[in-house]
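Enquirer: So the chains spell out like this:
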Amino acid sequence: MVYGNGRIHLSVEGTKSLKKSFITMQSIVSSYRTISFLTVCCVAFLLSARGTIAADEFVFERDVMAVLSKAGCNLGTCHGNLRGKGGLSLSLRGQDAAGDFLALTHDLAGRRINRNAADESLMLLKPVAGVPHEGGQRFQVGSLEYTILRDWIRAGSPGPASTSPPVTQLQVTPQHKNIFLPEDSVQLEVIATFDDGTTRDVTRLATYEAENLATRTSANGLVEQDEFGETTIAVRFLNEQLAVRLAFLPPSRSASMALPEPQNYIDRHVFGKLQELQIEPAELVSDSVFVRRAYFDLLGIPPTGQEAQAFANDLHQDKRARLIDELMNRPEFADQWALKWSDLLRNEEKVMDARGVELFHSWIRRSFAEGQPLDEFVRELVAGQGSTYENPPSNYYRPLRDPLSRGETTARLFLGVRLQCAKCHNHPFDHWTQDDYYSWAGVFARVDYEVPENKRQDRLDKNEFVGEQQVIEKMEGEVTNARTGEAATPQFLGGEASAVTPDASRLEQLANWLTSPANKSFSQAQVNRIWFHLLGRGLVEPVDDFRVTNPASHPELLEALADDFVRHRYDVRHLIRRIMMSKTYQLASHGSNDEFATTNYARTMVRRHSAEQLLDAQCQLLGMPSQFNGYAEGIRAGQLPGVLRVRLREKAPSPDDRFLTVFGKPKRLMSCECERSDETTLTQAFYLLGGESLHGRLANSARLKKLAEPTNSSLEIIRELYWSALSRAPANEEMNLFRRQLETQPEEREQIIQDLAWALINSKEFMFRH
Amino acid sequence: MMKLPRRSVLKIGGTGLLGLTLPKLLQASEVSHHRPRAKSVIFLFQWGGPSQLDTFDMKPDAPDGIRSPYRPISSTVPGMPVCELLPRMSQQMHKVTLIRTLTHKMKNHASAGYYAITGHEPPSDDQRLRDSLSLYPAYGSVVDRLAVSNPGVPAFVAYPHVIRDGSIVPGQHASFLGKSHDPLFFQEDPNATGFRLPELSLPADLSVDRLQRRRSLQQLIDQQTRYLDRSEKAIGFDQYYDKALSMLTSDRVRKAFDLSHEPEVLRDAYGHTTYGQSCLLARRLVEAGVKFVTVYFSNSIGGRKIGSGGWDTHGFDNSRMYKIVNKYQLPMTDQTLPTLLIDLENRGLLDETLIVWMGEFGRTPKINKNESRDHWPQCYTALLAGGGVKQGHVHGSSDRYAMYPAEHPVRPDDLAATMFHLLGIDPKTEVYDRANRPLPIAEGETIRDILA
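Residue numbers (our numbering), protein chains in the order written: chain A, 2 to 771; chain R, -8 to 443.
Hints should not be assumed to be uniformly reliable.
List time: in silico DSSO-like cross-link candidates among lysine-lysine, alpha-carbon distance up to 30 Å [to be verified]:
1. Lys98(R) - Lys463(A)
2. Lys463(A) - Lys96(R)
3. Lys86(A) - Lys381(R)
4. Lys456(A) - Lys98(R)
5. Lys96(R) - Lys86(A)
6. Lys96(R) - Lys424(A)
7. Lys224(R) - Lys668(A)
8. Lys357(R) - Lys296(R)
9. Lys341(A) - Lys320(A)
10. Lys96(R) - Lys314(R)
11. Lys274(A) - Lys224(R)
12. Lys98(R) - Lys50(R)
13. Lys341(A) - Lys224(R)
14. Lys98(R) - Lys234(R)
15. Lys30(R) - Lys86(A)
16. Lys360(R) - Lys463(A)
17. Lys341(A) - Lys463(A)
18. Lys668(A) - Lys357(R)
19. Lys98(R) - Lys424(A)
20. Lys50(R) - Lys360(R)
21. Lys296(R) - Lys463(A)
22. Lys96(R) - Lys668(A)
23. Lys178(A) - Lys320(A)
24. Lys98(R) - Lys86(A)
25. Lys652(A) - Lys296(R)
26. Lys668(A) - Lys234(R)
27. Lys584(A) - Lys224(R)
Per the computed footprint, the stretches of chain R lying under chain A, defined by three or more beta-carbons under 8 Å from a beta-carbon of chain A, are [what the hints assert, rightly or not]:
28. 231 to 237
29. 422 to 434
Bear in mind the hints are in silico, worked out from the structure with no lab data behind them.
Think of the CB as a built atom: it goes at the ideal place given N, C-alpha and C, for glycine as much as any other residue.
Construct all of the structure, not just a fragment, from the sequences and the given hints.
Expert: In structure tokens:
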């Protein structure tokens, strides 16, 4: 096969004589690199791997389809769009060779192809911009792409042949490489293996998509990058794809870096990669930063002033380890995880009703309080049947009213797979096919509901449900595969074809398969979520987007964590302790915020605290309870079981309800971490500057009033506020300035204390986890 | 970000410009393929659904039971008659383009409303279409995301109602684009005396001076954690404080919201209604540099009484359409819309400001048993003016009863593409949803025929 660039590669499977003729050709090509000659080679060799050298034997699905992908014709933004573009509709990224063949040869009464004058064919004039083409010029006259298409047309535009072997494997070299200056580029080589065992070099016809905007890959697979940093390149040829990880780095240093002594295997993996990439990790955090992190991450609230001081004054070596254990036994630990899983499990009032929300939330909370292993927790959810009031985990299926959304949600939450792309076409960035999608949905085909009575208040609202439901599994029912129009055979996602016994309880089988220690997708997805919670970024990121073209930043660490988790019987506390005890977790956020260093955990990511955390922290500092519609005073934001207990039409949301919305509490309609927003917005700034929620609380805080009493010295007041708000003592310049403020304007003492509290609440230290 | 030394790279700072992160700048420069014809859009959303047959697509020759009880009157453009209840509007028709063939299939307010204010067909025709981050953002949020906005001025302002029909209609916010692209939204009544934007007003005991003092204390504390200044999020938030404070203390935005600067006679001309003063405010906002202003006609679909609510005149509860629209919706429209067009023109703003007046659907050509009309999405009229659309032009025509498009049907998607095009934003620009799927901001085609 000749694919331009003077690079010639032929199948190793060819006959001896073929090999010989190939070698001859190669030498000829290298001496006469003319387009016309290349053309002859292309034609002659398109099928040479099979040993037949007939000009008319083009393999449409291999040669023409590769060009359509290479030139980007079949992307979703172009003709791969559901509705096509400019009248031509191709299958997305070339999933349907037969359909594309018809579109190219038969639509428009065959006007796209002119066999008598191939160069005049519309399908050649358009991509070279010989006639106006909205997509611009895709390749040049005489390019390899052009030549293949033209010669295919000249050969009579033969259609797909059922005998053409599909690609079974891609091999890219290098698969992973660190490139140190002065080296500044890397040449990829892509070898495709076909079903018949033949292989060929497809470097010139593979497509390359880099995740990093600064990366450029030439048509020949030469990768260059404008910035130091890592990139993932999705390499695709026909239906196969895989990801290559590259890092472009400054000149290699001879001396090795002084890395901290690893605390456990996590550090060995993380520091090992930092060593490779020559990134120096940040220092370990101070006690005052650590204690805040630990409280927020484990309990969702900051330490009180006393707690922070007690930790600072503790002189024992093992105080961080002890703090982690202590905190994990506090009730707020369960609150925190109940909140998190209530988000993911869509625990909200319209669909679950207020009582259902309460019951589901307490069931989740109890599970974490009692330390139920996570596999059991998930088993109860996915196999959950019976009354949604009496067996709360059956609420898992209450918002998921059809097999497709049950399949999508289960894949996303428990396998970390975003499957919805495969509903309408094969997943463009992963190996999941449309058939996989419907077979997986078939596992959930028989879930049904017995509904004694829906006491909904708005009879026009099909989403609203008030009352008990029975989740049941029927004895019949299948999902229709939208591609074939036939009933899909139930199959676990990525599992064996025969693994599901269709007429036994599919949910029970699902629960067994899903949570089996052999199911690495499950354990990896779960440790990734816990890691994300603690480090702010998943090893696979986004946290529920495991796919071939989105590899983990530290694949071996992910495996090690998953193994550790399985070995310790899916014990969430064990895993949390392991992660929090690592030095990786305890690194400071200091230093450059270079994306590159952050994604490799060389320093801790700075994140805004969540809506609930911010509100609870304000309330704790000011000693004022929060107020939510429908709840007794005193419940913390982080303890709220649902989203909004009182409907908006009955009562306007309270200032604290609004605060949560403005700061990104999710509505719980998506089963995705991504629904919770940690964005910062102008509206939030307005809320904090003059909004009633904070302003009212400052003005009425009994704690601030008490602090203002004349018996308290300004030194005491300032120290008390700093420890309570920021878990640290005031710095000298802070102390001096605030003392001056308090002491020079004694008549405004109360106001100044309020202002100081406001300033502390609005400081970056208070707002951000760092 | 460290650079490889041997190459020159894009010289665009990550966070230097307020709110403009690198990808946004890149996007912004990529999407402006052409000079924008409109600097701003005023989107006047007629909630409830006005009748095409009783406004701008009269069918005087239709039989009883279809024909409007009102007569058409001629306008400043031959062949563009309007309803006799719109006499002032009839004198401004040379400024407008009518699209008489807007068409879609959503019969419920929630789904049709979502379609009208986002340009994207909803997943189902549902009376209580549920809002979620998987649905599309409001037009203005897309503009906020993609257009280069004026510093210190919000790009998207929406008011004075949350539209709902039993539940809140999706599409009124930024959805998956993220909260930072939500509109500056308020429900205060611009017609009320002492109207002020709540964001721009402070509690009584919180003076601007005190606010400044708080801000300086906050900055002092932040000096202890200078390292946080390297976090884009943290800096971004700090810049929001500055922006909010400058909006609270500087004149530009506050003044834009202060209608008391307008001469009484002009306020009278717009009409002393929430809608009328909202339209006047819209003009002030585009003058101040706001890119997209959405004015909602009403909070409810209304239609059962005079004096409040929208255009949804079914004749329910023994009400009668032709005893309501002639006293409320039509007179208010005839007072406000022509005034806005004249006012914009007088100030030289009409050329650069696109006005879009439309509802979520039209109404049934057949008059029902309540002597009223029901929902009709198959064919209805949108009115556009200024901002690069033709003047005195009609696009498409409906059949003899205004029941179906006779030629050149237009989907809301096409209208969306046209609006973006006029703003200089390529309608094929893609944005990413929460599943990271690339989605075009408009699926339709720009209506070339109406471009001036």
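Enquirer: All the hints need checking, so say for each whether the structure fits it.
Expert: Comparing the hints with the structure gives:
no.: 1; hint: Lys98(R) - Lys463(A); in the structure: holds (16 Å)
no.: 2; hint: Lys463(A) - Lys96(R); in the structure: holds (20 Å)
no.: 3; hint: Lys86(A) - Lys381(R); in the structure: holds (27 Å)
no.: 4; hint: Lys456(A) - Lys98(R); in the structure: holds (26 Å)
no.: 5; hint: Lys96(R) - Lys86(A); in the structure: holds (23 Å)
no.: 6; hint: Lys96(R) - Lys424(A); in the structure: holds (24 Å)
no.: 7; hint: Lys224(R) - Lys668(A); in the structure: holds (23 Å)
no.: 8; hint: Lys357(R) - Lys296(R); in the structure: holds (21 Å)
no.: 9; hint: Lys341(A) - Lys320(A); in the structure: holds (27 Å)
no.: 10; hint: Lys96(R) - Lys314(R); in the structure: holds (28 Å)
no.: 11; hint: Lys274(A) - Lys224(R); in the structure: holds (26 Å)
no.: 12; hint: Lys98(R) - Lys50(R); in the structure: holds (23 Å)
no.: 13; hint: Lys341(A) - Lys224(R); in the structure: holds (22 Å)
no.: 14; hint: Lys98(R) - Lys234(R); in the structure: violated (42 Å)
no.: 15; hint: Lys30(R) - Lys86(A); in the structure: holds (29 Å)
no.: 16; hint: Lys360(R) - Lys463(A); in the structure: holds (28 Å)
no.: 17; hint: Lys341(A) - Lys463(A); in the structure: holds (27 Å)
no.: 18; hint: Lys668(A) - Lys357(R); in the structure: violated (41 Å)
no.: 19; hint: Lys98(R) - Lys424(A); in the structure: holds (27 Å)
no.: 20; hint: Lys50(R) - Lys360(R); in the structure: holds (20 Å)
no.: 21; hint: Lys296(R) - Lys463(A); in the structure: holds (28 Å)
no.: 22; hint: Lys96(R) - Lys668(A); in the structure: holds (28 Å)
no.: 23; hint: Lys178(A) - Lys320(A); in the structure: violated (41 Å)
no.: 24; hint: Lys98(R) - Lys86(A); in the structure: holds (29 Å)
no.: 25; hint: Lys652(A) - Lys296(R); in the structure: holds (24 Å)
no.: 26; hint: Lys668(A) - Lys234(R); in the structure: holds (28 Å)
no.: 27; hint: Lys584(A) - Lys224(R); in the structure: holds (24 Å)
no.: 28; hint: 231 to 237; in the structure: holds (count 5)
no.: 29; hint: 422 to 434; in the structure: holds (count 7)
The structure shown violates the earlier hints numbered 14, 18, 23.
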